[in-house]
Structure formats: C-alpha cells, structure tokens
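Asker: Protein chains in written order, with the working numbering: chain G, 1 to 128; chain X, 1001 to 1173; chain Z, 2001 to 2086.
Please keep in mind that the hints were generated in silico from the structure rather than gathered at the bench.
Hints are supplied without guarantee of correctness; some may be wrong.
To be verified - No more than 30 Å apart at the CA atoms, straight line, and that leaves these computed lysine-lysine pairs for DSS-like:
no.: 1; chain 1: X; residue 1: Lys1020; chain 2: X; residue 2: Lys1065
no.: 2; chain 1: G; residue 1: Lys93; chain 2: G; residue 2: Lys66
no.: 3; chain 1: Z; residue 1: Lys2080; chain 2: Z; residue 2: Lys2031
no.: 4; chain 1: Z; residue 1: Lys2080; chain 2: Z; residue 2: Lys2030
no.: 5; chain 1: G; residue 1: Lys93; chain 2: Z; residue 2: Lys2080
no.: 6; chain 1: X; residue 1: Lys1126; chain 2: G; residue 2: Lys93
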Amino acid sequence: MSSRPEVQVEIMTAGLACCTLEVEAAVAGGHLVAITGDSEQAPQVIVIAGTVTDALVPSVLDRIEKYPLAQIMSFGACATSGGPYWDSPPVSKGIDQFADVAVYVAGCPPRPEALVAALVELAGEKIL
Amino acid sequence: MNTPLVMEVIDAEDWQARVKQMDSDGFTFFDFLTVIERESDRRNSATQAPVLEVVVRVTQPDFGKSQALSTHVSVIDPRLASITEIYPGADWHERECAEMFGIEFAGNRAQALLRHENAGAPPLRKSVVLSTRVIVEWPGAAEPEIQDDGRKVGNASRRRQRPPGVPESWLQT
Amino acid sequence: MLCVRECPAWCIHLDSHTEEVSEPGARRPKKVNVLDTFDIDYSLCMYCGICVDVCPFDALEWDQHRALIGTTRESLYLNKEELTSE
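This is chain G alone, in the form it adopts within the complex:
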C-alpha cells in the first residue's frame, strides 16, 4: 500500500451502531494505525458511524458543535439516509439534515478500506 498517500489525522468516532465495528476493524486490521490513544487534540474528522435516532441527534450535534473545525464523515447507509431504517419513525433520515457533511461513505457497513479511502479523499481535497 506504499502508493497510497499517507494521512495522519485526528479522528473522533461517534459509534452509534454496527458500522463502528468497521472503524475498529480498520484499526485492528492495520488500515488505521493509532498514534496516540488518548489525545487531547481537537479532531479533524468526526466519523458518524451508525444509526442516528432522533433521540441521539442532540448528543451528536453537541459533539459536532464542540469541534467546529472538524470535517464530518457520514459513514454507512444509516448515517447517510437512515439506511435499512429509512422507514422507521424514530430514526433520522441522514445526519446531513443537521450538519454539513464533507464526505459520505456508502455501505452497510462500509469496509475498513472505505474508511481509509474517505480519509484520503478528504486529504486529497485539501480539506484536512
């Protein structure tokens, strides 16, 4: 994977459902290498991974507002549109209804490689 540009980025994961396991899989599988486990640095990317229920929206927005410079990644179908729960009354139909999303990752769940690809995309766009 040496052709892949190296990206060093502070991320914060809002792991709300099964998608977050893929974020952990990215770390466990070596796609993401944690440099510091307990950084106090503000995150550059906030990964919204999982189903955002209406009840959870305030908590997610609270995180997002705390780090106004962070880019939002909508990771997986649930965070993007409600996904398999698109017909469910208590599930929000996409985090982009509440916050600006910089990058969307399709999948249910997306693969760990897709998380890395999205981070590289953000870096390539000079957003980071």
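Following the hints, complete the assembly by docking chains X and Z onto the known chain G.
Answerer: Quick look at chains X and Z alone, frame taken from chain G:
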C-alpha cells in the same frame, strides 16, 4: 437433543397461576416472553377480531424440557398480570412488549425501556401505519407496458403490483 | 423488475418500455421490454444482495473492489452507465 415444544393455550385470567405452576413443576428457567398480533383468536377463529397473543417459554434449569404457554388479550385496552414475581427475568420482556404492543402488565413497574414517553402509538401493532412506506412511491409499481402518462400498451391487464410487506389497508389511508 | 420489487430499501429505480420487433417468418411482431434507465441509490442500499439473488438473468453481480465514497449524497446515486463502468 431438542424435545418438541408443547404450547398450551390458556385463558388470560389463569395466566399468573399457570405460570407459577410451571415454576413449581421445575421449569425454573425463564427463556422469553413475546407478543404476536393475530387476525383472530387461535382457539375461536369465528370471531374475526384481532387479538394480542402473549407467549412465554420456560425450561428446566438443565434445558432438558421446556414448556410454552400462550394466552390472548384484546387489542382494546390490553392488559395481563405480570409474571415478574415468579420470574424476575421477565421484567425486560414485559416492558418491551408494553412499549411495542401497548399491553399493560399489571404488577410490573412499567418503566419505559427504549422509547420516549411521548413516542406515540405502540409501533408493532398492525393498526399503526408506517407512514414512510405509504408516502414514498414504491419503485416496483413501474411496468414496461404502462407508460409514464399511465396509458397501457399491449396486454398490460395484470393487477397492479403491491409493495411487499405493506398491508392493503395502509395504502387506502 | 424483480430486483426493484424485492429490494427492502426501495433503492433501485428503473424505467423501461416495450418495443415491437418483427422477426422474419413470425406472424406477428414480438413485444420485448427495453431498459431505459437503471439506478441504485447507494446512500440507502443495505447490501443485502437480494437483487443479485433474484435476477433471473444474472444481470447483477457483486463488485469486491470498489469503495464508494462521495462528497454529496447525490454522488452515491449511480445510474446505469456509472454502475457498469470499470
């Protein structure tokens, strides 16, 4: 090693006593309690009124034998005696069934489990319309022989397709 | 249409029409269904694979190698040309 499950259907007023009897008979392990909304009472299908069937399954502690018990309660003001005095593990199940089906389990402390207090009608009842499935146009309704203006060409006389899992009654509302 | 009708997320959309094809020797022209558009909304897709399973012509298949990402939600809505490109 699986033994066939015997399902006993009883009257709602006998619920607590019969469950207690099962516990005394050695079926001390609570497995699950759940609810099914049925078109009619299984024992009396002549009355075509929907009912809520409550099912509980208990086993012997070594999982050797198991027993299932079921009863029917009306969809109008459904209530049933709680069995948490006998099986404390039934608490979670009763609270879930209370929220999802609107059954009141008398004797259960009936705290909200997952849903908000003002979350509206119990969502797993068949009468509760999943409005998104009605409002959103089903892409499967398209037919090659039906043009965009609704005009039929060829022999497109077949009945219009219905979205799977969406009851006819919802589409009429 | 089976894929569209079986999709639990309702994320596949297609448009089609019928055409009459005259074949030499046939008494009447044959009606064939012609596909106009075929879109999958990957912002909704749950990757269950039911569409792949039910297709009687094996017209759909899994792609192991693509990570679909986009900067807008609309960019996850792929049409026939985008779906069939390498």
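Asker: All hints, please: hold or fail.
Answerer: To see whether the hints hold, each was checked on the structure:
1. Only pairs whose Cα atoms come within 30 Å are accepted, and lysine 1020 of chain X paired with lysine 1065 of chain X is accepted, the gap being roughly 17 Å.
2. Taking the CA atoms of lysine 93 of chain G and lysine 66 of chain G, the gap is about 23 Å. The hint holds against a cut of 30 Å.
3. Restraint check for lysine 2080 of chain Z and lysine 2031 of chain Z: satisfied, since their Cα atoms lie roughly 23 Å apart, inside the 30 Å limit.
4. Distance restraint check for lysine 2080 of chain Z and lysine 2030 of chain Z: the Cα-Cα separation of roughly 25 Å lies within the 30 Å cut-off, and the hinted pair is therefore satisfied.
5. Distance restraint check for lysine 93 of chain G and lysine 2080 of chain Z: the Cα-Cα separation of roughly 25 Å lies within the 30 Å cut-off, and the hinted pair is therefore satisfied.
6. Taking the CA atoms of lysine 1126 of chain X and lysine 93 of chain G, the gap is about 23 Å. The hint holds against a cut of 30 Å.
In this structure, every one of the numbered hints holds.
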